[in-house]
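2 protein chains.
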Amino acid sequence: MFKTIEWRKNSVVMIDQRALPTEERYLTYKNYTGVAKAIRDMVVRGAPAIGVAAAMGIALGALKIREKDRRGFKSQFKKICKAMAETRPTAVNLFWAIEKMKKVLSNNPRLSVKELKERLVDEAVTIYSEDIDINVRMGRNGRRFIKNGTSVLTHCNAGALATAGYGTALGVIRAAIEEGKSVKVFVDETRPFLQGSRLTAWELKKDGIDTTLIADNMAGYMMKKGFINCIIVGADRIAANGDVANKIGTYSVAVLAKQHKIPFYVAAPTSTIDLNIKNGDQIPIEERNANEITHIKGIRIAPKNINVKNPAFDVTPNRLVAAIITENGVARGDYQKRLKKFVNGN
Amino acid sequence: MFKTIEWRKNSVVMIDQRALPTEERYLTYKNYTGVAKAIRDMVVRGAPAIGVAAAMGIALGALKIREKDRRGFKSQFKKICKAMAETRPTAVNLFWAIEKMKKVLSNNPRLSVKELKERLVDEAVTIYSEDIDINVRMGRNGRRFIKNGTSVLTHCNAGALATAGYGTALGVIRAAIEEGKSVKVFVDETRPFLQGSRLTAWELKKDGIDTTLIADNMAGYMMKKGFINCIIVGADRIAANGDVANKIGTYSVAVLAKQHKIPFYVAAPTSTIDLNIKNGDQIPIEERNANEITHIKGIRIAPKNINVKNPAFDVTPNRLVAAIITENGVARGDYQKRLKKFVNGN
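Protein sequences appear in the order of chains A and B. Residue numbers are given in numbering that gives the first Met the number 0: position 79 of the first sequence equals residue 78, and the series is strictly consecutive. Residue numbers are given in numbering that gives the first Met the number 0: position 155 of the second sequence equals residue 154, and the series is strictly consecutive.
Hints listed in this document are in silico derivations from the structure and should not be mistaken for laboratory results. Hints are not guaranteed to be accurate.
Since copy identity is lost for identical chains, a pair holds within one copy or between any two.
[Stated by the list, open to error] Within a straight-line C-alpha distance of at most 30 Å, the following computed DSS-like cross-link-like pairs (lysine-lysine) qualify:
| hint | residue 1 | residue 2 |
| --- | --- | --- |
| 1 | 63 | 116 |
| 2 | 73 | 303 |
| 3 | 183 | 303 |
| 4 | 29 | 339 |
| 5 | 336 | 205 |
| 6 | 257 | 102 |
| 7 | 204 | 303 |
| 8 | 180 | 339 |
| 9 | 204 | 183 |
| 10 | 260 | 224 |
| 11 | 29 | 2 |
| 12 | 308 | 146 |
| 13 | 260 | 73 |
| 14 | 308 | 204 |
| 15 | 296 | 102 |
| 16 | 339 | 223 |
| 17 | 183 | 2 |
| 18 | 180 | 78 |
| 19 | 224 | 339 |
| 20 | 224 | 336 |
| 21 | 223 | 303 |
| 22 | 180 | 99 |
| 23 | 308 | 296 |
| 24 | 183 | 99 |
Required output: the full structure, derived from the provided sequences and hints.
In structure tokens:
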């Protein structure tokens, strides 16, 4: 089995998600700037995986700080955290992970720089291993929504490749299959970055799961024809009211699902929930480079100098969401109250 | 200005729509089997253009028939029509054009084979030139729906490249602009064949029209954000009740439009209306090769041996259609009665 990301001997190893599915290539990073660039360039993507990568990147950066006194160390450390925070704006797990790393410093005012470095590495590795555990718990909480014989549609990649392992939305599907249920998965290819065709189709196929790939614009037709009974996706940020930012196209899928009376589920760790954001309108939406639309693998597919819009995410309002599945429980409506409870862990 | 298709000295010349937008290449066909293959392989596509190509292909084939007697000629002629009918199943203009060509024989029982050949060429060229005229009339009928300052979304290519010239949906937009209106066009890239990014963006840009390209899955987000005020598309077949078969993804756009209270218009010649088909459920939907989804320009973008669904069209129910614009008038509801009237030309 592949590993999405791994801490190995004071370096970070990632599978290069830009090269999949044709090439399974691993890249090794020895400094935090490399990791920041990897996040920005989408070598690694998926909200939980971005969080893990950011934490490991900060740990790498901390190890290389030469200052021996806490004050000097802290000033360098802040710079690293800032660089990491500027990589991508939408996935809140990034900021959550950075906060976790910062707390190692603020919670341990008496530790030496050497001890802090050890603790920071420990924290990054803990974030990594807890993420897998969280996904498994999410799977257990959500699997009841995937009935035996269901055909599930998913959008983008909310799988092992989007997390430390197992996956959020795909984790729920995996948990249902592990229970012995027969599940068929339809995968939106997810333009422009093709996370569906390149990543989701690849990892589901590797697991021997019955997978069928469609273009994004076919989802409505497939719903109308009765091919799809259930939709499950991940999330990049969930507002306090349950509005969900996720990969561009998710909103359209949710509207179509409502129209066809198909339940639309979101699976995400509580680290994706941002209680500081009241509703989806306040979630910053990243606009990415036009090249992602005009070229595929370096080949031009649109006229030169054409105007392009390339929002990377959209927001699905809570009224279109049948349930939000987290590691701490499932919210079905009453998101305001329930999500707060899940984040606070009670 | 480019020509989509042209009859030139007993041959048919087509712009190769597979090579656009990076290369403007013209292919010359001297026999009907070549034209049939060109239709199947989507060198030429778009319902009206397919009709023109089929008629010209049949004329080419007829010219090469060696039999001098009518009976022998007719038997060869039938074979040619049959081959042409088997190229693509959904666009009814193909069958409409074949019928037009067959009528040249049945309406002229006394003409010699030599005379029939001349008449068949005349008929094909007439279908071609009438198509441009029809589009201009459609534009005049439909331009009132495009208000000054409107942002229009279109899906696939219903432009000059889909017709003998000017276009159906894009013809309506052109007519509005020719009236002096300011119009901005958003173009869905239209996976898998990318008619939007490769063809529509190319021909609108050539005309200096303000054009912005988006991925198909961004349409819902753009509607929600208020970027789009109006939608106009073409059609491959319209049932007697006004259900519209068009490029895959059209149905999703129509559902999203309804949800956002944005009017959804269809522009198509009466040759696209099939009164023999009661409703959209009866329209045959072509399923195309998986390669169109798994590869772009020969480059693999999905895992090997992945299952794929690739329906080339979908059906938008009449209740989602604000108006159907034809060369003979505009139907807004009451499609059953109005479409019949338009087809019968009164």
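Verification of the supplied hints:
no.: 1; hint: 63 - 116; result: within (9 Å within a copy, 84 Å between copies)
no.: 2; hint: 73 - 303; result: neither (47 Å within a copy, 49 Å between copies)
no.: 3; hint: 183 - 303; result: between (40 Å within a copy, 18 Å between copies)
no.: 4; hint: 29 - 339; result: neither (38 Å within a copy, 72 Å between copies)
no.: 5; hint: 336 - 205; result: neither (39 Å within a copy, 55 Å between copies)
no.: 6; hint: 257 - 102; result: neither (42 Å within a copy, 49 Å between copies)
no.: 7; hint: 204 - 303; result: between (36 Å within a copy, 9 Å between copies)
no.: 8; hint: 180 - 339; result: neither (32 Å within a copy, 51 Å between copies)
no.: 9; hint: 204 - 183; result: within (12 Å within a copy, 42 Å between copies)
no.: 10; hint: 260 - 224; result: both (13 Å within a copy, 24 Å between copies)
no.: 11; hint: 29 - 2; result: within (18 Å within a copy, 56 Å between copies)
no.: 12; hint: 308 - 146; result: between (38 Å within a copy, 23 Å between copies)
no.: 13; hint: 260 - 73; result: neither (53 Å within a copy, 54 Å between copies)
no.: 14; hint: 308 - 204; result: between (32 Å within a copy, 16 Å between copies)
no.: 15; hint: 296 - 102; result: neither (40 Å within a copy, 49 Å between copies)
no.: 16; hint: 339 - 223; result: between (36 Å within a copy, 27 Å between copies)
no.: 17; hint: 183 - 2; result: within (24 Å within a copy, 46 Å between copies)
no.: 18; hint: 180 - 78; result: neither (49 Å within a copy, 52 Å between copies)
no.: 19; hint: 224 - 339; result: between (38 Å within a copy, 28 Å between copies)
no.: 20; hint: 224 - 336; result: between (37 Å within a copy, 28 Å between copies)
no.: 21; hint: 223 - 303; result: between (37 Å within a copy, 28 Å between copies)
no.: 22; hint: 180 - 99; result: neither (37 Å within a copy, 55 Å between copies)
no.: 23; hint: 308 - 296; result: both (19 Å within a copy, 23 Å between copies)
no.: 24; hint: 183 - 99; result: neither (38 Å within a copy, 46 Å between copies)
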